[in-house]
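> Residue numbers (this note's numbering), protein chains in the order written: chain A, 1 to 463; chain B, 1 to 376; chain C, 1 to 95.
One should not assume that every hint holds.
To be verified - Derived PhoX-like pairs (lysine-lysine); straight-line CA-CA distance at most 25 Å: (1) B:178 with B:109; (2) A:70 with A:438; (3) A:208 with A:220; (4) A:100 with B:301; (5) B:35 with B:114; (6) B:70 with C:86; (7) A:250 with C:86; (8) B:144 with B:122; (9) A:100 with C:86; (10) A:148 with A:276; (11) B:61 with A:392; (12) A:208 with A:349; (13) B:318 with A:437; (14) B:32 with B:208; (15) B:114 with B:70; (16) B:61 with B:330; (17) B:70 with B:204; (18) B:35 with B:208; (19) B:204 with B:178; (20) A:100 with A:148; (21) A:438 with A:276; (22) B:204 with A:438; (23) B:204 with A:392.
Please keep in mind that the hints were generated in silico from the structure rather than gathered at the bench.
Keep in mind the model is a prediction, meaning the values are calculated, not measured.
Read off the chains here:
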Amino acid sequence: MMERQTDLVVVGAGPAGLAAACAASNCGLEVNLVDEQSSPGGQLFRNIESPLGQASLDAKERAQGMALAKKFRASDITYFPDTTVWGLEPHKVSCTAEGKTKIFPTQSVIVAPGAMERPVPFPGWTLPGVLGAGGADILLRSGGTLLKDPAQPIVLAGNGPLLLLLACHLIDRGVNIAAWLDTGYWRKRIMSAIPMAVSFFDSAYLGKGLSMARKIAKAKIPFVLGAKNLQAIGTQRVEKITYEVKGETKEIATTCLLLHEGIIPRTHILSSLGAKHLWDPVQRYWHPEVTECGATSIDGLYLAGDAGYVHGGDASITKGTLAGIDAARRLGVITDSEAAFRSKQPLNKLRLTRFARGFLRYVFAPNPAIFAVPDQTKVCRCESVSAGDIRKVVLEGNTDVNEVKLYTRCGMGPCQGRMCGPALAEITAATLSTSPKKVGSLHIQQPFRPVSLENYCDTTTQD
Amino acid sequence: MGKFKRQTSEHDILIAGGGISGLAVAYGLAAKGTKVTLIDAPTQTNKASRANVGLIWCQSKFLHLPNYAKWGFHSASLFPALTRELEEISGLDIPVNYTGGLIACVGQKEYENKAAYIAKLKDLLGEYPGGMISRTELEKKLPKIGFGPDVVGAAWCEADGVVEPLALMRAYKAAFCKLGGNVIEAHIHDVCPQDGGYSVFTDKGQMKCERLVLSAGLSNRRFSRFALSSLPVSADKGQVLLVERMPPVMPIPLLGVTQTFGGTIIIGFRHEFIGHDTRIVPEAVASEGRAAIQIWPELGKKRLIRAWSGLRVMPEDKQAIYSRLPNHPKVTLINTHSAVTLAAAHTRHLPEFILGGCLPDLAQDMTLQRFGVDVH
Amino acid sequence: MEKSEHNDTVTILVDDIPVTVPAGISVAAAVLGHHHAGETYTNPVDGSPRAPYCLMGVCFECMMEINGEPNIQSCLVTVEEGMIVKRQVATAGAK
Numbered sequence: 001m002m003e004r005q006t007d008l009v010v011v012g013a014g015p016a017g018l019a020a021a022c023a024a025s026n027c028g029l030e031v032n033l034v035d036e037q038s039s040p041g042g043q044l045f046r047n048i049e050s051p052l053g054q055a056s057l058d059a060k061e062r063a064q065g066m067a068l069a070k071k072f073r074a075s076d077i078t079y080f081p082d083t084t085v086w087g088l089e090p091h092k093v094s095c096t097a098e099g100k101t102k103i104f105p106t107q108s109v110i111v112a113p114g115a116m117e118r119p120v121p122f123p124g125w126t127l128p129g130v131l132g133a134g135g136a137d138i139l140l141r142s143g144g145t146l147l148k149d150p151a152q153p154i155v156l157a158g159n160g161p162l163l164l165l166l167a168c169h170l171i172d173r174g175v176n177i178a179a180w181l182d183t184g185y186w187r188k189r190i191m192s193a194i195p196m197a198v199s200f201f202d203s204a205y206l207g208k209g210l211s212m213a214r215k216i217a218k219a220k221i222p223f224v225l226g227a228k229n230l231q232a233i234g235t236q237r238v239e240k241i242t243y244e245v246k247g248e249t250k251e252i253a254t255t256c257l258l259l260h261e262g263i264i265p266r267t268h269i270l271s272s273l274g275a276k277h278l279w280d281p282v283q284r285y286w287h288p289e290v291t292e293c294g295a296t297s298i299d300g301l302y303l304a305g306d307a308g309y310v311h312g313g314d315a316s317i318t319k320g321t322l323a324g325i326d327a328a329r330r331l332g333v334i335t336d337s338e339a340a341f342r343s344k345q346p347l348n349k350l351r352l353t354r355f356a357r358g359f360l361r362y363v364f365a366p367n368p369a370i371f372a373v374p375d376q377t378k379v380c381r382c383e384s385v386s387a388g389d390i391r392k393v394v395l396e397g398n399t400d401v402n403e404v405k406l407y408t409r410c411g412m413g414p415c416q417g418r419m420c421g422p423a424l425a426e427i428t429a430a431t432l433s434t435s436p437k438k439v440g441s442l443h444i445q446q447p448f449r450p451v452s453l454e455n456y457c458d459t460t461t462q463d
Numbered sequence: 001m002g003k004f005k006r007q008t009s010e011h012d013i014l015i016a017g018g019g020i021s022g023l024a025v026a027y028g029l030a031a032k033g034t035k036v037t038l039i040d041a042p043t044q045t046n047k048a049s050r051a052n053v054g055l056i057w058c059q060s061k062f063l064h065l066p067n068y069a070k071w072g073f074h075s076a077s078l079f080p081a082l083t084r085e086l087e088e089i090s091g092l093d094i095p096v097n098y099t100g101g102l103i104a105c106v107g108q109k110e111y112e113n114k115a116a117y118i119a120k121l122k123d124l125l126g127e128y129p130g131g132m133i134s135r136t137e138l139e140k141k142l143p144k145i146g147f148g149p150d151v152v153g154a155a156w157c158e159a160d161g162v163v164e165p166l167a168l169m170r171a172y173k174a175a176f177c178k179l180g181g182n183v184i185e186a187h188i189h190d191v192c193p194q195d196g197g198y199s200v201f202t203d204k205g206q207m208k209c210e211r212l213v214l215s216a217g218l219s220n221r222r223f224s225r226f227a228l229s230s231l232p233v234s235a236d237k238g239q240v241l242l243v244e245r246m247p248p249v250m251p252i253p254l255l256g257v258t259q260t261f262g263g264t265i266i267i268g269f270r271h272e273f274i275g276h277d278t279r280i281v282p283e284a285v286a287s288e289g290r291a292a293i294q295i296w297p298e299l300g301k302k303r304l305i306r307a308w309s310g311l312r313v314m315p316e317d318k319q320a321i322y323s324r325l326p327n328h329p330k331v332t333l334i335n336t337h338s339a340v341t342l343a344a345a346h347t348r349h350l351p352e353f354i355l356g357g358c359l360p361d362l363a364q365d366m367t368l369q370r371f372g373v374d375v376h
Numbered sequence: 001m002e003k004s005e006h007n008d009t010v011t012i013l014v015d016d017i018p019v020t021v022p023a024g025i026s027v028a029a030a031v032l033g034h035h036h037a038g039e040t041y042t043n044p045v046d047g048s049p050r051a052p053y054c055l056m057g058v059c060f061e062c063m064m065e066i067n068g069e070p071n072i073q074s075c076l077v078t079v080e081e082g083m084i085v086k087r088q089v090a091t092a093g094a095k
């Protein structure tokens, strides 16, 4: 069904999307907001309107999230929950809701798809019982448990701020953490000392970090530094894990392994549209090039939140606000000077946050060693393509990830390379002794999400 | 890959363009003991061989060009031996089916038109391994497909088949390298005659050769400019839809709706001539989808996982071009719309022509001479 | 849009077994975090057991049959009273 044209469609109801929609609506724009979840909040503020969701946030974030959701509900924004976006152009957003097609014509689009955990393949990572830390946190926030018997031990592994948060949530629930295997990159961590000092200007971050650290220290979790060559072993699900430390192989019996190797932007929508992307050599990911207001290289298309660059929830709200204001300015609904006036405070805030977050970029830089994936390990979960398959095709003379994809099928499955793309690039680059920046990134094709052929065709008949 | 510049002495022939056609002749030449260097661009360029279903398709075409129709049948007949040979040399599998091919006819009129066309083709060719079949016979051939109510029958041809096109390319390339061929990934900027030979300028340096093959698809228009003011080929845009994986239901390929060896379904019927515009047009994709649903309604419930487009190469009269360039007898140009079907013929017959010999009888008329270009 | 009442629960059928879970959560979270199903999906290419990995719509490992429709990303579907969920597991019959 074709909806009425509006000034703006916002895609995503996380912190950035909600803030963008609210700011644009405050500027007088007619706004539609579409989101694939059934209630606002995104990942950070998931289920923010229910006590279950509220309970899993700290006091500051809870207040922030509840205020944002309240403001959003009170606004005149038209909200389309449970709506999956599968096609997008700067003037048209195509979705499916309850099995039916919805098309939103619009003058501008702000996409706020957020971030995702960096997928890093290792032996056994496809086994049930192995989960992303973010995924595990969502289970806890859904009132669930990771294991039927909560007394059974679980293992955490990896590197990144989310692991700290998850550990705190697990400790709060009395989960038995058998070990925490750190795979961090200490060379980069040392470099973080200088920006770290700067970050004292914004003590909220550090305060949060320190209180988490205290909680974790108190829980006396066995913490292993420099863990390498992690493996999950089992037949129907993970039964034990092994890892190496200081040249020795250790083993832990567990049926649940939670992995986290940092957070990367979700770039599918923008890369499918050919927006310009930049490579961050420290965090080792591609991110779209955007202005401070979130304008991309494509006219009428904005990006807000962590999908531009991972700065966290606070910054996402600010980035959303700035994008919403600029969308109104672009359409001439508010003047340049009004836009500058409205943007002044959020801009200052964004600059400060970015500055303060600078050190996290180094502290939690991924260790390139994690991409030394053994040959037999599946890199592409959907099409079951191993690291060895990839290396073989690279050595046959294919130097671009898209060529490697063609010949291996790596990235051709339903997830469209979301889970294997970063590792595919790292493995290809390492095989050629070059930087992942040089081997390209997977070309993404619409639809972003599978849509029934019937729905896809119906849609366009009505144009 | 090392440093160039490469000298003439390192190879007898340079091939510009590593799509299916370039690889087919590269392998054919290497198999004859020729020293060949093939230049292929890394991605980011329009590559027709990447937007391909992999049909080996002989039937129901080229009534106006009987020799070209026979050329297709001839190539298909060479396929089984070729793929076996490639598998053996490369050590790679090439999934391929020689099960024949079907064109479903929607509506009585379409069926009758197709029947009339094939009748004429049969007369013209003398022998033709196929014909029209009824809906019942069609259902017997593809029992797992519930055809739409408007499907009245199909055209059938036992010479058709389907190959996994990327596996074919990969095997060609690997076999070519095994036989001493050299592949260089580079973007070609231009080709110029120089010192009695040819210089190919690339982003990785200049390369020289005495003998040159231009098999760069649409880019042949640029690279042949030193000898030709215009090359009569145009960009033919195809939009391809990929539908989620299903258990094997299609032992015989259907034109326009084909199950891949991996189980996904590829839909693609259209030809558009709109320059180099490769944008996906949802309306056009939808019309492809509707055509497929009309033939096979159950497909409508299946999920589309992606849509992409590619530019194929269409010579003005649809017939392949195998030609020397005017005043440049050591340059051979290859352009075809049916690179998969003709691959086997290209591998077996074109090397001789490239090395200075003649084209086989069936392909005699496929030079640029037919467009009024003097190539003798 | 009305908010879900707190303390509300819904009951869904997972492979014919009733499972009561908090309202508002996803089917994947219900099957994994409450029903503890283990394998929920068998990879069609290599036949290996899989289960939801990301729970936020990225990995496509949570595909299940929901109300008769196969291959649904269950982490993007909210549980509803009486919903019929089936794991897409090759060895389901044997278990």
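> Give a verdict on every hint.
How the hints compare with the structure:
1. B:178 with B:109: The hint is violated at about 52 Å.
2. A:70 with A:438: Between residue 70 (chain A) and residue 438 (chain A) the Cα gap is close to 46 Å, so the pair fails against 25 Å, i.e. violated.
3. A:208 with A:220: Distance of about 19 Å is within 25 Å: holds.
4. A:100 with B:301: 12 Å, holds
5. B:35 with B:114: 46 Å, violated
6. B:70 with C:86: Outside the cut-off at roughly 53 Å; violated.
7. A:250 with C:86: Answer violated: residue 250 (chain A) to residue 86 (chain C) is near 38 Å, above 25 Å.
8. B:144 with B:122: 30 Å, violated
9. A:100 with C:86: The hint holds at about 23 Å.
10. A:148 with A:276: 46 Å, violated
11. B:61 with A:392: 39 Å, violated
12. A:208 with A:349: With Cα atoms ~18 Å apart, residue 208 (chain A) and residue 349 (chain A) stay inside 25 Å; holds.
13. B:318 with A:437: Between residue 318 (chain B) and residue 437 (chain A) the Cα gap is close to 41 Å, so the pair fails against 25 Å, i.e. violated.
14. B:32 with B:208: 21 Å, holds
15. B:114 with B:70: 19 Å, holds
16. B:61 with B:330: 32 Å, violated
17. B:70 with B:204: 41 Å, violated
18. B:35 with B:208: Given that 25 Å is the threshold and the Cα spacing comes to 14 Å, the pair holds.
19. B:204 with B:178: 24 Å, holds
20. A:100 with A:148: Between residue 100 (chain A) and residue 148 (chain A) the Cα gap is close to 37 Å, so the pair fails against 25 Å, i.e. violated.
21. A:438 with A:276: 15 Å, holds
22. B:204 with A:438: 15 Å, holds
23. B:204 with A:392: Holds, at about 24 Å.
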